[in-house]
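Engineer: Take a look at the letters that make up each chain.
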Amino acid sequence: MSITLTEKAASRVKSFIEKRGKGVGLRLGVRTSGCSGLAYTLEFVDEIADDDSTFDSNGVTVVVDPKSMPMLDGTVLDYVREGLNEGFKFTNPNAKESCGCGESFKV
Amino acid sequence: MALLQIAEPGLSAAPHQHRLAVGIDLGTTNSLVATVRSGMSTVLHDEDGRALLPSVVRYLPDGFAEVGYAAQAKQSVDPHNTIVSVKRFMGRGVKDIPDAERMPYHFVDAPGMVQLKTVAGVKSPVEVSAEILKVLRERAEHSLGGELVGAVITVPAYFDDAQRQATKDAARLAGLNVLRLLNEPTAAAVAYGLDNAAEGVYAVYDLGGGTFDISILRLSKGVFEVLATNGDSALGGDDFDQRVFCWILEQAKLPPLGPHDSRTLLTKAREAKEWLTEQPEATITAMLDCGMSVELTLTSETFTEITQHLVSKTLQPTRKALRDAGLGPEDVKGVVMVGGSTRMPNVQKAVGGFFGQEPLNNLDPDKVVALGAAIQANVLAGNRADDDWLLLDVIPLSLGIETMGGLVEKIIPRNSTIPVARAQEFTTFKDGQTAMSFHVVQGERELVAECRSLAKFELRGIPPMVAGAARVRVTFQVDADGLLSVTAREKSTGAETTVTVKPSYGLSDEEITRMLTESREHAVDDMAARMLRENQVEANRLLDAVQAALDEDGALLDDKERAAIDELMGRLRAVAGGGDSPAIKQALEALNRGTEFFAARRMDQSVRRALSGHKLSELEMGEES
Chain A
1 MSITLTEKAA
11 SRVKSFIEKR
21 GKGVGLRLGV
31 RTSGCSGLAY
41 TLEFVDEIAD
51 DDSTFDSNGV
61 TVVVDPKSMP
71 MLDGTVLDYV
81 REGLNEGFKF
91 TNPNAKESCG
101 CGESFKV
Chain B
1 MALLQIAEPG
11 LSAAPHQHRL
21 AVGIDLGTTN
31 SLVATVRSGM
41 STVLHDEDGR
51 ALLPSVVRYL
61 PDGFAEVGYA
71 AQAKQSVDPH
81 NTIVSVKRFM
91 GRGVKDIPDA
101 ERMPYHFVDA
111 PGMVQLKTVA
121 GVKSPVEVSA
131 EILKVLRERA
141 EHSLGGELVG
151 AVITVPAYFD
161 DAQRQATKDA
171 ARLAGLNVLR
181 LLNEPTAAAV
191 AYGLDNAAEG
201 VYAVYDLGGG
211 TFDISILRLS
221 KGVFEVLATN
231 GDSALGGDDF
241 DQRVFCWILE
251 QAKLPPLGPH
261 DSRTLLTKAR
271 EAKEWLTEQP
281 EATITAMLDC
291 GMSVELTLTS
301 ETFTEITQHL
311 VSKTLQPTRK
321 ALRDAGLGPE
331 DVKGVVMVGG
341 STRMPNVQKA
351 VGGFFGQEPL
361 NNLDPDKVVA
371 LGAAIQANVL
381 AGNRADDDWL
391 LLDVIPLSLG
401 IETMGGLVEK
411 IIPRNSTIPV
421 ARAQEFTTFK
431 DGQTAMSFHV
441 VQGERELVAE
451 CRSLAKFELR
461 GIPPMVAGAA
471 RVRVTFQVDA
481 DGLLSVTARE
491 KSTGAETTVT
501 VKPSYGLSDE
511 EITRMLTESR
521 EHAVDDMAAR
531 MLRENQVEAN
541 RLLDAVQAAL
551 DEDGALLDDK
561 ERAAIDELMG
571 RLRAVAGGGD
581 SPAIKQALEA
591 LNRGTEFFAA
601 RRMDQSVRRA
611 LSGHKLSELE
621 MGEES
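If you're matching them up, the sequences are chains A and B in order. Numbers 1 to 107, taken from the numbering used here, label the letters of the first sequence in order. Numbers 1 to 625, taken from the numbering used here, label the letters of the second sequence in order.
For reference, chain B alone in the conformation it holds in the complex (with noise of 0.2 Å):
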């Protein structure tokens, strides 16, 4: 008999067709693999009961992975085939690691990623990540059995496009079908709940075994957006270890020790800084193989001393994110905390401190990026009501198109949540314009030229019809993995064209940083240049306009009232092509109000020409019909 999950009201699945997702926390020292049963957020285990994997791959001679605590184990007999923090070479080139002699690897520059020369062959992050991906689907698949529809990863939010494209070719690689990859803030701000919270601003304090990160949060209408992140990338719990290491030594006056000894010493240190977190004073007793013995009494009082200076070494960061942010630490509306090493009392004081709130820390700070993931995937594999969709992903840079003079209209602004859909109508130009031609847009400049092109595409088949008949509809639609298409339907034909793009592709981080600032920066300029844009269309649609009136009605005008136009047109062509935006307006004034009486001639015309031939009663007749 096949277990059942309790699902949502009306959510139950058909048998065979259980929509199983997870979440799996990728991390530098460990991985952890979550799921949503019966309504719950719940870390899966292995056989033996534990939730963390860490994140060591070794390789052996016969093309084999371990993967986890015996890969881990064996990490100072075997350091050259032992990957230990992956995650630092994903997507990344030699020269971006900085430290990258003092590792035990034997590094191989290729295009693109670095790769690593072990006893099974020339190994890439990609395929050392997968290992462990493999190792957590297979612990899902064996939890929840049956096979997963997708799964969704979690990154720090400062990993930039080819950080992301990485891990999500590690999916791909472990058999996974990533369903999205979400930043790691984000998630532990689900795991919280906080996405049904009130708005607001938050902060994700991340203290890890062996990196720091802060990120500052804003969630508005259920979307999370980062407004800031920074950290130490070599700052963690080990740092406190050593820290009581060294106190060991300096208390017990011992001499330089030898590296096994060192081990046993380090071992003590992390014990008692973990006895510390529920009590107020940790023994160490240790036997060393020189001959010494240790026994030393920690008291809670002492650790935070010794350790003061590495606490406030994260508080720097923090402040710098908040300012970064424009923010104060009384803006921040919660605190969670995330990571091992934020369990330490000290950290929690100082962190309280600073934002003047308790922190958020009734979740196990070592899952909570993993429950929130898998909070996620639930939804985004289609087990929750509609109402309850959680939007997280929003659009960094506004989508729009180009229209006459080189103007962009935006459709669909920045920030928007996606899935999204705009549709805007839009006509022709000219009169008997059979065809128009889109230029899809992204950026938040008011021009075409200093905006990124995405994609062109023609619209034909619009039928002959004098300037602005023809109801063009113009519709872009952004689905939820980011990717725009837009549509263009003629509505009294029905000609439609579509294309596809997507839109974030290639741009990093600071590329949308870089064009947002600049879009601030010339707003003013903008604003002014899309005047004189405005003003040019204009002119040159005015002058085509009466032009034609000329060629067809001139007979209407005598001469001197003929050169009076002349002259005007004249002058308008003179300033339309030029930058002076005042000038032309002038002009256009002038030459809309000097052919005011040819337009009132004109009509006049054309009820005669409409009336003439026909009797009196015959108009009536025709009202009646």
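This is chain A alone, in the form it adopts within the complex (with noise of 0.2 Å):
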């Protein structure tokens, strides 16, 4: 089981992190919702619960709580340029068919 961060990625979590002046790692999840019935959770991190899963990605600790674990195994965050927009993008092998914007998906 595992995810990862690329270097990009785990490079502006850290700034953001830093910049936000607490926070332990970076927590990926999934939650029901949205068009297609899944869509993906990106938070801070300010506690690890016992149950939460961890990994280290290029220095970052992702954390995924049990229940979304099989939905994003194997996942890559990446962080992109779109035009003049700019984000973090999941690449996830479990994911099916997603709705047109690609915010909520279904495995």
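Simulated from the structure, these hints should not be mistaken for laboratory data. Note that the structure is predicted; figures quoted are calculated from it, not measured. It is possible that part of the hints are untrue.
To be verified - Derived lysine to any residue pairs resembling SDA-like cross-links, with alpha carbons at most 25 Å apart:
1) A:K19 to B:A7
2) A:K19 to B:K333
3) A:K89 to B:G39
4) A:K89 to B:H45
5) B:K95 to B:T28
6) A:K8 to B:A7
7) A:K19 to B:A51
8) A:K67 to B:L327
9) A:K22 to B:D195
10) A:K14 to B:G193
11) B:K134 to B:A70
12) B:K585 to B:E538
13) A:K14 to B:G39
14) A:K89 to B:L11
15) B:K491 to B:A421
16) B:K320 to B:E271
17) A:K19 to B:G10
18) A:K19 to B:G193
19) A:K14 to B:N361
20) A:K22 to B:G39
21) A:K19 to B:L52
22) A:K89 to B:K95
23) A:K22 to B:E538
24) B:K333 to A:G21
25) A:K22 to B:G382
26) A:K89 to B:G10
27) A:K89 to B:K134
28) A:K19 to B:K320
29) A:K19 to B:N362
30) B:K134 to A:I48
31) A:K19 to A:P70
32) A:K89 to B:M40
33) A:K8 to B:D195
34) A:K19 to B:A421
35) A:K14 to B:G10
36) B:K333 to B:P359
37) A:K22 to B:V223
Claimed, not checked - Which residues of chain A face chain B? A partial, calculated answer using Cβ under 7 Å:
38) F16
39) K19
40) R20
We treat Cβ as the ideally placed atom computed from N, Cα and C, and that holds for glycine.
Need the complex rebuilt from these two chains, each delivered in its own frame; the hints are there to steer you.
Structural biologist: Rendered as structure tokens:
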């Protein structure tokens, strides 16, 4: 089981956490909602729960809750620019179909 | 695949429900838009990677408008239709614009605000500003990939109600939901995180292209209060360029120049000034149309020397603002630098010397206001956890309610941070009273007559009870926009009335200041007036109570006793309406003392009445049950 951050994503996360002044890592998760069933969540982590899985990827502690883990296994998180917009992009081998805008998906 | 930003723990937005919010610095010379991405405030750029949008709008014959660099480039060829520095006209009449004749615009005097005649029709400053805001809104929506829930727009601390309202109108016209207007110096302080810093006084030194503003802020409990502002509306970086330009003319011994040569040299002057920010000396070379050439070296020392008087000119208003705030430079805990012109090392040095400390300058001074506004917008849009909630607004004057005798009972004291809610219980004054009227007032004075009336309303349906038995809870609530709602609720029946008012409406800063000064000046008079009114109210209450007792149990008194009480009542009645507070107090106490035996006798009688007709055994049983 693993989740990886690209080098670019990791360096952005590190600088965001540094700028924020607190935080021990990055939480990836999945929750139900959206037009196609499931949606990603991406949050700063102040506290790691006992049943969370943690990974180290390029120096960033990645935290995932047990319910989200099976749906995120193998995911690669990248930081990209698209036109004027920039942000994090999930590449998830478990996702079978996603809605037009890609914000929600099905496994 | 949509791109995601990192949210605060537990605050991930549902898909398609990102709360996108921006901060906008709507400046005189340049405007910017910023947002918080993954917890970091960043300025948004246009397609060419430029952060600044010149606040210039050029109207075209087909009714369209060019905004920004494109409009700025046409300023000299189409001056009548190219509006620069529109911020100066916001909420202003023709009479308020001192150098109107010297401007290339066709002003139209309209009620309330001046208008400008352009090739695309008559435009109000609100419409011109809306063109600028529209471009920024579009930039933000392209960059963030969605519609904005709202924006925080910054305004100078000295902007009055009309200017603030005009700014809000412009935003609405541009399709922006205004989350809040924020004072520019406050935004700069927020960008430096001073709202989380130690409490104290901070100075914000803002030297822009054409204006200078100094603000003295006090931070307490996470709230910035503007203590004083000052400045010079005709002093900025352009004056430094002009000074270097004159120096070039002197040094190169140039004859009077044509407009093109002047422009060339002015540009060279500005470049030299900017070069000196990082370098000890700048070389100025130019070939002029008139056939002459310029080759000069401007050292940092010379630049400091020739612009010395301009720097001093900023320190005078600074001194004045501090004096207005009743403070000295040593009381200032931190100095925030705003505006591109504060990059000049000699300005930094002078300001540092004046305050005796290194100014805060590690954020880009052109962007700091927009960055702070974005942080505030992010909070207001609900993207941060509650414990980080920023409270930046306070109510300027106390809010209260009229009580008996025309006195003010303050419910929410001035400088309370909003949103805020406070409640207080009131009761009826007379037996059998079934309605109460409420008068909501604003101000610091003790008497209603000297405060500002906001609203009047009535609560009906109170069940008849003896005076003082009803419990009426009055709740004052001020929301984040400064909207006040007052609710009165009688506790036993649940009867309720609510009224909503906007306390700040129509009050200018001067009026607020005047009301505050008066309250301080009249503090002693007010206390005396309050005591007098309280005594008067108490006198009337006692007279009513004694009269009621006499009507009911007058038979308990013999003629002599009755005459004595009548005499005391007469004496109190004689002084009660007058202004002699000690005399009322004295007569009050006399009547109180003089009726003590009567009260005791009434008590005995009512006990006897309660007991009569009952056997002792019944009473004991009664106690047991």
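Engineer: Taking the hints in turn, state whether each one holds.
Structural biologist: Verification of the supplied hints:
Our distance criterion of 25 Å between C-alpha atoms is met by K19 of chain A and A7 of chain B, whose separation comes to about 14 Å. Our distance criterion of 25 Å between C-alpha atoms is met by K19 of chain A and K333 of chain B, whose separation comes to about 23 Å. Restraint check: the Cα-Cα separation between K89 of chain A and G39 of chain B comes to about 17 Å, which is no more than 25 Å; the hinted pair holds. Only pairs whose Cα atoms come within 25 Å are accepted, and K89 of chain A paired with H45 of chain B is accepted, the gap being roughly 21 Å.
Note on K95 of chain B and T28 of chain B: the hinted pairing holds, with a Cα-Cα distance of about 20 Å set against a maximum of 25 Å. With a C-alpha separation of about 18 Å, the suggested pairing of K8 of chain A with A7 of chain B holds against the 25 Å cut-off. Straight-line distance between C-alpha atoms of K19 of chain A and A51 of chain B comes to about 21 Å, which keeps the hinted pair within the 25 Å bound. Annotation: proposed proximity of K67 of chain A to L327 of chain B is violated, straight-line Cα distance about 59 Å (limit 25 Å).
Between the alpha carbons of K22 of chain A and D195 of chain B the distance comes to roughly 17 Å, so the proposed pair stays at or under 25 Å and holds. Annotation: proposed proximity of K14 of chain A to G193 of chain B holds, straight-line Cα distance about 20 Å (limit 25 Å). Distance restraint check for K134 of chain B and A70 of chain B: the Cα-Cα separation of roughly 15 Å lies within the 25 Å cut-off, and the hinted pair is therefore satisfied. Annotation: proposed proximity of K585 of chain B to E538 of chain B holds, straight-line Cα distance about 9 Å (limit 25 Å).
For the proposed pair K14 of chain A and G39 of chain B, the alpha carbon gap of about 12 Å is at most 25 Å, so the pair holds. For the suggested pair K89 of chain A and L11 of chain B, the alpha carbons sit about 19 Å apart, so the restraint of at most 25 Å is met. About 18 Å separates the Cα atoms of K491 of chain B and A421 of chain B, which keeps this hinted pair within 25 Å; it holds. For the hint linking K320 of chain B to E271 of chain B, the alpha-carbon distance of about 33 Å lies beyond 25 Å, and the restraint is violated.
Restraint check: the Cα-Cα separation between K19 of chain A and G10 of chain B comes to about 19 Å, which is no more than 25 Å; the hinted pair holds. Only pairs whose Cα atoms come within 25 Å are accepted, and K19 of chain A paired with G193 of chain B is accepted, the gap being roughly 11 Å. Distance hint between K14 of chain A and N361 of chain B is fulfilled; the C-alpha atoms sit about 24 Å from each other, no more than 25 Å. Among the hinted pairs, K22 of chain A with G39 of chain B is consistent with the structure: their alpha-carbon atoms are about 11 Å apart, no more than 25 Å.
Pair hint K19 of chain A plus L52 of chain B holds up; C-alpha atoms about 24 Å apart against a cutoff of 25 Å. Under the criterion of a C-alpha separation no larger than 25 Å, the hint pairing K89 of chain A with K95 of chain B is inconsistent with the structure, at around 56 Å. The hinted pair formed by K22 of chain A and E538 of chain B fails the criterion: a straight-line CA distance of about 60 Å is larger than 25 Å. As the CA atoms of K333 of chain B and G21 of chain A are separated by approximately 22 Å, the hinted pair is consistent with the 25 Å bound.
Between the alpha carbons of K22 of chain A and G382 of chain B the distance comes to roughly 19 Å, so the proposed pair stays at or under 25 Å and holds. Using a Cα cut-off of 25 Å, the hinted pair K89 of chain A and G10 of chain B holds, with the two alpha carbons roughly 20 Å apart. In summary, the hint linking K89 of chain A to K134 of chain B is not supported, as the alpha carbons are separated by about 29 Å, beyond the 25 Å threshold. Restraint check for K19 of chain A and K320 of chain B: not satisfied, since their Cα atoms lie roughly 37 Å apart, outside the 25 Å limit.
For the suggested pair K19 of chain A and N362 of chain B, the alpha carbons sit about 14 Å apart, so the restraint of at most 25 Å is met. The suggested pairing of K134 of chain B with I48 of chain A is violated, with an alpha-carbon distance near 43 Å, which exceeds 25 Å. A threshold of 25 Å between alpha carbons decides the hint, and for K19 of chain A with P70 of chain A the separation of about 31 Å lies outside it, so the pair is violated. A distance of roughly 18 Å separates the Cα atoms of K89 of chain A and M40 of chain B; the hinted pair therefore holds under the 25 Å criterion.
Restraint check for K8 of chain A and D195 of chain B: the C-alpha separation of about 32 Å exceeds 25 Å, so the hint is violated. Among the hinted pairs, K19 of chain A with A421 of chain B is inconsistent with the structure: their alpha-carbon atoms are about 34 Å apart, more than 25 Å. With a C-alpha separation of about 20 Å, the suggested pairing of K14 of chain A with G10 of chain B holds against the 25 Å cut-off. Of the pairs offered as hints, the one joining K333 of chain B and P359 of chain B holds, with about 10 Å between alpha carbons and a cut-off of 25 Å not exceeded.
The hinted pair formed by K22 of chain A and V223 of chain B meets the criterion: a straight-line CA distance of about 23 Å does not exceed 25 Å. Taken as an interface hint, F16 of chain A checks out: its beta carbon lies about 5 Å from the nearest beta carbon of chain B, inside 7 Å. Hint status for K19 of chain A relative to chain B: holds, with the closest Cβ pair at about 5 Å, below 7 Å. The beta carbon of R20 of chain A is positioned within 7 Å of a beta carbon in chain B (closest approach about 4 Å), and the interface hint is therefore held.
The structure shown violates the earlier hints numbered 8, 16, 22, 23, 27, 28, 30, 31, 33 and 34.
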